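Got two chains here, each in a separate frame; can you build the complex from them with the hints?
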Amino acid sequence: MRSRFDEELNDLNNELILMGALCEDAISHAVTALMEDDEEMRAKVFSVDSRIDAKEHDIEARCLRLLLRQQPVARDLRQISSAMRMISDMERIGDQAGDIAEISRYLRGSALKKEVPLQQMAAVVIKMVSDSVDSFVHHDLQLAQQVLADDDQADQLFLDIKRGLVEKIAGSSGCGESALDLLMISKYLERIGVHATNISEWVYYAVTGEYKGEEL
Amino acid sequence: MKKKLLLYSCLLAVAAIIITAVLINITVYRDFSDSMRESVRLDAVNISQAYGSYGEDYLETVEGDSSTYRVTLISEQGEVLFDTAADAESLANHADRPEVIAALADGAGESTRYSETLSRETYYYALAQADGTILRVAMTIDSVYASLLAMLPLMLLIVVAVFILSLLLASWQSRRIIRPINELDLDHPADNDIYPELAPLLGRLQKQNEQISAQMARLRQAQNEFAEITNHMREGFLIIDDKEEVLSYNKSALSLLDIAEIGETPQHILALNRSEELRGTLERVLAGESAECLLNIAQRKVRLLANPVVDQGQVKGAVLLLRDTTEQEEREKLRREFTANVSHELKTPLTSISGYAEIIANGLARPEDVPRFAGSIYDEVQRLISLINDIIKLSRLDEEEGLPQRQQVDLAGLAETVCERLEPEAARRRIMLERQIAPCSVSGIEQVLEEMVYNLVDNAIKYNRPEGQVRVALERQGAEAVLSVSDSGIGIPESEQERIFERFYRVDKSHSDNIPGTGLGLSIVKHGAMIHHAKISVASQVDKGTTVEVRFPL
Numbered sequence: 071m072r073s074r075f076d077e078e079l080n081d082l083n084n085e086l087i088l089m090g091a092l093c094e095d096a097i098s099h100a101v102t103a104l105m106e107d108d109e110e111m112r113a114k115v116f117s118v119d120s121r122i123d124a125k126e127h128d129i130e131a132r133c134l135r136l137l138l139r140q141q142p143v144a145r146d147l148r149q150i151s152s153a154m155r156m157i158s159d160m161e162r163i164g165d166q167a168g169d170i171a172e173i174s175r176y177l178r179g180s181a182l183k184k185e186v187p188l189q190q191m192a193a194v195v196i197k198m199v200s201d202s203v204d205s206f207v208h209h210d211l212q213l214a215q216q217v218l219a220d221d222d223q224a225d226q227l228f229l230d231i232k233r234g235l236v237e238k239i240a241g242s243s244g245c246g247e248s249a250l251d252l253l254m255i256s257k258y259l260e261r262i263g264v265h266a267t268n269i270s271e272w273v274y275y276a277v278t279g280e281y282k283g284e285e286l
Numbered sequence: 017m018k019k020k021l022l023l024y025s026c027l028l029a030v031a032a033i034i035i036t037a038v039l040i041n042i043t044v045y046r047d048f049s050d051s052m053r054e055s056v057r058l059d060a061v062n063i064s065q066a067y068g069s070y071g072e073d074y075l076e077t078v079e080g081d082s083s084t085y086r087v088t089l090i091s092e093q094g095e096v097l098f099d100t101a102a103d104a105e106s107l108a109n110h111a112d113r114p115e116v117i118a119a120l121a122d123g124a125g126e127s128t129r130y131s132e133t134l135s136r137e138t139y140y141y142a143l144a145q146a147d148g149t150i151l152r153v154a155m156t157i158d159s160v161y162a163s164l165l166a167m168l169p170l171m172l173l174i175v176v177a178v179f180i181l182s183l184l185l186a187s188w189q190s191r192r193i194i195r196p197i198n199e200l201d202l203d204h205p206a207d208n209d210i211y212p213e214l215a216p217l218l219g220r221l222q223k224q225n226e227q228i229s230a231q232m233a234r235l236r237q238a239q240n241e242f243a244e245i246t247n248h249m250r251e252g253f254l255i256i257d258d259k260e261e262v263l264s265y266n267k268s269a270l271s272l273l274d275i276a277e278i279g280e281t282p283q284h285i286l287a288l289n290r291s292e293e294l295r296g297t298l299e300r301v302l303a304g305e306s307a308e309c310l311l312n313i314a315q316r317k318v319r320l321l322a323n324p325v326v327d328q329g330q331v332k333g334a335v336l337l338l339r340d341t342t343e344q345e346e347r348e349k350l351r352r353e354f355t356a357n358v359s360h361e362l363k364t365p366l367t368s369i370s371g372y373a374e375i376i377a378n379g380l381a382r383p384e385d386v387p388r389f390a391g392s393i394y395d396e397v398q399r400l401i402s403l404i405n406d407i408i409k410l411s412r413l414d415e416e417e418g419l420p421q422r423q424q425v426d427l428a429g430l431a432e433t434v435c436e437r438l439e440p441e442a443a444r445r446r447i448m449l450e451r452q453i454a455p456c457s458v459s460g461i462e463q464v465l466e467e468m469v470y471n472l473v474d475n476a477i478k479y480n481r482p483e484g485q486v487r488v489a490l491e492r493q494g495a496e497a498v499l500s501v502s503d504s505g506i507g508i509p510e511s512e513q514e515r516i517f518e519r520f521y522r523v524d525k526s527h528s529d530n531i532p533g534t535g536l537g538l539s540i541v542k543h544g545a546m547i548h549h550a551k552i553s554v555a556s557q558v559d560k561g562t563t564v565e566v567r568f569p570l
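So the protein lines, in turn, are chains H and X.
If you count the first sequence from 1, you need to add 70 to reach this note's numbering.
If you count the second sequence from 1, you need to add 16 to reach this note's numbering.
One should not assume that every hint holds.
Claimed, not checked - Here are the simulated BS3-like cross-link-like pairs (lysine-lysine), alpha carbons at most 25 Å apart as the crow flies:
| hint | chain 1 | residue 1 | chain 2 | residue 2 |
| --- | --- | --- | --- | --- |
| 1 | H | Lys238 | H | Lys197 |
| 2 | H | Lys114 | X | Lys317 |
| 3 | X | Lys317 | H | Lys197 |
| 4 | H | Lys238 | H | Lys257 |
| 5 | H | Lys238 | H | Lys184 |
No wet-lab data here; the hints were simulated from the structure.
Small disclaimer: the values here were computed from a predicted structure and weren't measured.
Next up, chain X with everything else stripped away, as it sits in the complex (with noise of 0.2 Å):
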């Protein structure tokens, strides 16, 4: 613009320069020619006047004066009588000449063209004299260029200068009109005071910053709002681009792939996590179809399903979704390891007492062996039922529905019960049966607390050696019902201790029949205080004894 502005101020200036120059030659070349014509005039006069009075002598003085005037005398025949620019008789006659003719008419005469005497453009001035000659004054036209010529360089000078005053003129006009345009306030239309051209323009800008800073504004909310559920997802959530680039991210996915910090700049997925599971499942979604796999991350298990972004045809990214399944994976390896314990546990018995059926039906036991077998085959199913019986309680304490509805229950009474239940068993087995229990009440579901102490303390019994000790203990510590029961028994290994609870676990692998159980005793223990948000501690020592504690909130 700048530019341009000066570029028209130049070409206006260069332009002005040239007409008034060809005006003010115009004008001044008519002054001179008038004043050139005027001065021929009255030369003539005083040259007639010296003539009328000194006659031709006073032409012969003239003639070395020739340079600027011709004078001319001609006879009233035209003949030239004398001549200052000629030899008089070489010169034709002159009677046809304008200015002759309206000499000897009126007087005076004027002519202005070409001499064939002087070559020149000419003008001619004829005074008719008393003696009836003429007497012709004339000059050359060209004295007036030549004057003109002489005030050319002069001319010349000025033309530049004026040209460079306004070159000058114009940079510093256009960077006038320039400075006001530069120093808008373009974040602030409004406030400008500036060419009231302008204004319309900047009301538009205003209204358009307008909108589009309320735009902005949705848009930001809209992102907020977006990141805030996203960033209560458990679940983490990634978006990334074609080139597997990170458009957005919640705080989930970062700490499912285990990252502390991401940066503000878009980060490559493979900075993130570069395992071969991902890239094969990357790979596959951003050639269009969903994906999933299993991640392993410090020592979780995370499930990624990947659905590809597809737009016109063409994927332009994908949504990856990462779900934490340890537990859940944990949970089914649980569940398959109970699947084939429980078949395990269930064939032995029945495989017992088919055999001993077989023999009976095939008639090749002796009728005196018939009872023990029979004895056997009753054991075994006795032993299949307690196993089916604790088979069903687990699974209702797992589903938690059916249960009977919590109320206080009277721990130190049902203890006692217990205990007096396991007294036999104890003094078969010639254990001592010890028992501190203060008067102690919980909120709770009776048969689950009941059958939690029975296994407790029969598993105490149970695992111990002969002549041993069990003691259970109930009291209140705080805002908490601690039951404890030791034994002086053969005490779990440390490495165990966290296995004890899982169903089927036995410390003595061999499922042997010397301690007859099912391996859900503890199961259902544990269980049961998750019912009742009651916390489970385990002390043991090998050979020395075993510690069970259970913390009931109050």
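For reference, chain H alone in the conformation it holds in the complex (with noise of 0.2 Å):
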């Protein structure tokens, strides 16, 4: 027989894994919104958007009723510690897909956003998210590294970018807008690649204890 409170623990893993599902698909949507001026995928982004927020604020309230009530220790403390941390980088991976969606307005019929290595940069962030998702879901240490290691390749990514852009601006006049917005948005997913890189630290942390290899 399960304990109340492992219920209630229980709840707080799967509403963590539906907020991250929906972070999930505020970018990727946003980054259809981008890549094929998908005015309907905009729209979802604005309203899934909402729906983090409103699971932060749900999630939270769980995760302080339950540390008030039941004042766990060990294991169960770093879960619902961890969960309370990795709300809050959710709820700006939502934002800054909504930023994405925002500015994807003015990019409308833009060529110049498939002239640089944006399209690949969104999949590897948007795959970095996946599996931060998935190795909180599974537990999986290996995968929450793999997080770590892609982060690299999408800094990289967004120096490319920058270059390709700086390129652009320098070779021909008329495209200082579009190369800046898309400068922007280069950033927007290199914050939400550092985001799935967080909740990638904060499940090694629920899971072993240590938060960047310290004990916390």
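Okay, here's the thing in structure tokens:
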């Protein structure tokens, strides 16, 4: 028989998975909206983002209730405290996906977005978010490490995009505005990558009790 | 139970002690008062004898001892002559005292009553004397109570001691009674040797245990059967409850969802898959309607059918069925492409035919051009006919019905014939047709095999360069007959090699007239090979040539 506390922890876990899934939706919709000028997807990003915000509140309240009422220790405490950290990273991912969707309005029909490795970077970042949620779901430390490794790739792609955009601006006039928008989008993607990395680090902490190689 | 036993034992002990004490008190009291009366009587006799000998003077000596007795001398008229407890003159006439009356009459008399002189309950004994006076000895009953009171502390001590002892005994006993009950082996109630009073209860327990284990065994068997059945299903099967937790699943479900292992504890379905499509479907199915969706899992397409489990108007969970539809979707896509291609391939010649015919019909064509136009119309019609023939062949191969019976076919002879038929065409293109055919026969359908060889050799000639070579080889390799057709032609880029067997797929996308062909030749070869369980492999290098190898099992 599972105790009520275990059941609540389990519910918390499920809610986190759901919130992670919403983040995956938000970012993949945002990228589709950007690359394919899909208005419907753009609208979806905003609705998913508001759902993510609501989830954050909900999960936060759950965590606080568990902390106050059950006074958990050891692994349970780690699970709850890492959940509280993870949701703020997830919430940021949702916001940044919303920002990407917002900016993508001004890039409708722009050919420039296909000329820099933006799609490639988006694919890397989406995979990072997916993997970080997966590492949480299956307590897969190897996958969590993989996310940390992928972050370097995302950083490198950001630099490539930046360099490409600088060349475009220098080469021809008239694409400056789009180039700056694209630079912002790639920066947002890079930030999302960092948030995915944070999530993985919290997963690592929840499982092993170590955060960035140190006992907390 | 232990507490109750202890409580009852204690109550019993307390009651026993109280009753015993009361009874003992009563007995002791009666004993005491009897012996007191006896001693009063004895003393009275002694005093009376002494009085007889020494007269009233003796009584004076007794007076000093007045704490124990009260001695009174009463005259015949009831006048008090002497008293040890009070002044004789102050006392009233005692003639009416019952003991005095009795002594006057019988010589001795006794009575127990309240003494006005002593103000206490008193026992009197009176004796008539020889001189006519009456000697009375009295003793207060209080002295009996005093004796009893003196015994009280000891008695209380005994009561407490007995109470403690009985408490210990009661607790020991209740423990002793309870112990065998606590030590009952409830898994095997019949094996217990204990109070006969418990035997019916234990018998009942035994029976119920047996019933439960039989029921459990039945349930387990049913569950095993269910698991056995579902585990052999190709479809994935999942049951979830209304909280979306997985209650049951089969192996196929895990492999379709691309999950390696699932723990013993129930898991939330989102831990298995959290795609938007699945979440939407779950939302709908738990709202009570059937739903379905297509999931993309690890490059496979999985169709999910979800049905709610409704009990008394409430959704209690859902049954999810997963089916791998990758091939189906693929085939669907191919069919759509095929239809589009067929329409295109049929329309092109018809458009030219219609164009030429229109020019002729309108009289726009000069008479000397008409034969040329007619020739073009003839060519296009020929192309149409061969296209339609190929489509018919393919669809027959698709159906696999209406095909002739398999028989032993002389593949070597068949290859020779095909080569002879294509020799003129090769010669026209100045291509060397080389044969290296070993005698060999396979079990199969002659028309299909011929069609296959024809298409392969025909392709090798068509997609060749002028003055190139074509080599047709047939040999036995172990349990296989290997037919290989090599050319020195244009070759196929590696990226396209996978697609050349698709219908209407042509490496040369322009559908140009440079090389006549329907784009169905290799499709026919592939289907023919499938029917004969043969394996096809292609090795090709651009501008060097292509070798197609077909391996027939013998």
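To see whether the hints hold, each was checked on the structure:
no. : hint                  : verdict
1   : H/Lys238 <-> H/Lys197 : violated (28 Å)
2   : H/Lys114 <-> X/Lys317 : holds (24 Å)
3   : X/Lys317 <-> H/Lys197 : holds (19 Å)
4   : H/Lys238 <-> H/Lys257 : holds (17 Å)
5   : H/Lys238 <-> H/Lys184 : holds (12 Å)
Hint 1 alone, counting from the list given before, is not met by this structure.
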